[in-house]
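Next come the chains, spelled out residue by residue.
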Amino acid sequence: AQRVTQPEKLLSVFKGAPVELKCNYSYSGSPELFWYVQYSRQRLQLLLRHISRESIKGFTADLNKGETSFHLKKPFAQEEDSAMYYCALSGPETSGSRLTFGEGTQLTVNP
Amino acid sequence: GAVVSQHPSWVICKSGTSVKIECRSLDFQATTMFWYRQFPKQSLMLMATSNEGSKATYEQGVEKDKFLINHASLTLSTLTVTSAHPEDSSFYICSARDLETSWTDTQYFGPGTRLTVL
Numbered sequence: 001a002q003r004v005t006q007p008e009k010l011l012s013v014f015k016g017a018p019v020e021l022k023c024n025y026s027y028s029g030s031p032e033l034f035w036y037v038q039y040s041r042q043r044l045q046l047l048l049r050h051i052s053r054e055s056i057k058g059f060t061a062d063l064n065k066g067e068t069s070f071h072l073k074k075p076f077a078q079e080e081d082s083a084m085y086y087c088a089l090s091g092p093e094t095s096g097s098r099l100t101f102g103e104g105t106q107l108t109v110n111p
Numbered sequence: 001g002a003v004v005s006q007h008p009s010w011v012i013c014k015s016g017t018s019v020k021i022e023c024r025s026l027d028f029q030a031t032t033m034f035w036y037r038q039f040p041k042q043s044l045m046l047m048a049t050s051n052e053g054s055k056a057t058y059e060q061g062v063e064k065d066k067f068l069i070n071h072a073s074l075t076l077s078t079l080t081v082t083s084a085h086p087e088d089s090s091f092y093i094c095s096a097r098d099l100e101t102s103w104t105d106t107q108y109f110g111p112g113t114r115l116t117v118l
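Chains as they are written, first to last, in the working numbering: chain Y, 1 to 111; chain X, 1 to 118.
Because the hints were derived from the structure by calculation, they are not lab data.
Some hints could be false.
What the hints assert, rightly or not - Here are the simulated DSS-like cross-link-like pairs (lysine-lysine), alpha carbons at most 25 angstroms apart as the crow flies: (1) 66(X) <-> 55(X); (2) 73(Y) <-> 22(Y); (3) 14(X) <-> 64(X); (4) 9(Y) <-> 65(Y); (5) 15(Y) <-> 41(X); (6) 14(X) <-> 66(X); (7) 20(X) <-> 64(X); (8) 41(X) <-> 9(Y); (9) 22(Y) <-> 41(X); (10) 73(Y) <-> 41(X); (11) 73(Y) <-> 57(Y); (12) 15(Y) <-> 57(Y).
Next up, chain X with everything else stripped away, as it sits in the complex (with noise of 0.2 angstroms):
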C-alpha cells in the first residue's frame, strides 16, 4: 500500500518552455502533499506544501510564479516549472501523507522526475 508514482520520470526541454509535473497516490487519498528539490548528492529541499482545494504553501526562497502548484483532488498534485531555464535543472520528488494515518506525519515518497533544462 501507500503507493506514490510521478509522471514524467524524466523531461528535457527547452529554455523558456513550461513543464508540468504530476503526483499521484495510487491507493490513498492524500489531503497534503509535498514538493522538493533534491541536487545530487544533497539532502531533499521542501519546496511547498500543497493542501487540496487550497494554495500551496511555499518556502522561503521559493517562486510561485516559477513554480505553479495544483491540488485539484485527494489524489493528484501537479507542479508547473514555468519559463524554465538551466538553473531549474533538478531532480524533483513529490510525497503525501495518507488521510487514513493522518495521526502520524509518516509521508510517502514519488520516484522522482529529472528535469534537464538545456
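Chain Y with its partners taken away, still in its complex shape (with noise of 0.2 angstroms):
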C-alpha cells in the first residue's frame, strides 16, 4: 500500500534561512509526487509537482527514487512562506487517480 511520510510536524526556521521539508513515500511502482501548500485561512493549492522539474516561489524538491524521498527545499526562507505543507503520491496503483498525504508539515518562518 501506498504510504506518505512528513516526519516534522512542525519547522521553524528565521528569514533568510534555508529551509528543507522532508517527505519520504512508500509505492510499489513509479509515482507521481506533489508538494501542496496552505496558507492561513485559503485553500489547499499546488506548489510543484516532480514531473514538471520546475521551481515555484524559489522551492525545489527532487525526486528521489533510491531513498524513496521528495524532499522540498528553499535557500532563502521568506516570512510569507510561512504555511502548511503536505507532500502527495498518486499512482497507477492508486485507482481513479487518488491523492494520498502525509500528515503535513507547518512551517514558520520567523523575522
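Need the complex rebuilt from these two chains, each delivered in its own frame; the hints are there to steer you.
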C-alpha cells in the first residue's frame, strides 16, 4: 500500500535561512509526487510536482527513487512562506488517481 | 485558470437535518472530483471519488448512505450529509481533476465548507 510520511509536524526557521521539508514515501511502482501548500485561511494549492521539474516561489523538490524521498527545499526562507505543507503521492496503484497525503508540516519563518 | 468553488463556505444545522454542499469547477471540465474531510490540525482524509455520470467510489469506513454524492455534470458534484449529527461537524473539501490535463494526477482544490452540527 502507498504511504507518505512527513516526519516533522512543526518546523521553524529564521528569515533568510535555508529550509528543507522532508517527505518519504512507500510505493511499489512509479509514483507521481506533489507538494501542496495551505496558507492561513486559504485553500490548498499546488506548489509543485516532480514531473514538471520546476521551481515555484524559490522552492524545488527532487524525486530520489533510491531513498524514496521528495524533500522540499528553499535556500532562503521568507516570512510569507509560513504555511502548512503537504506532500502527496498518486500512481497507477492508487485507483482513480487518488492522492495520498502526508500528515503535513507547519512551517513558520520567523523575522 | 483551474478554479474550484464550494458552496456554502460554512453552514450550521440542527442534528437530524440534511446538508448539501456543492463543488463546481469554474473554468474547466472535471470528469473526476474528490471529497475530503479535514479535522483541525490534521491532514486531508479522502472520503470518496466522484465520477461524472456514475456512482461514487467510497473509501473504506465511509458510509455511502450517510454521505450521498452526485456528479451530474462535468462541472458539478454535490455531497449531501444526511441526518447530520455533531460528530459530522468538520471541514469538507472537494477537489477536481482537469480533463484537459488528464496525463497528470494534479488536483485543484476548493476553499472548503465548514459544517457545524448542533
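Taking the earlier hints as the rules, which of them does this structure contradict? none
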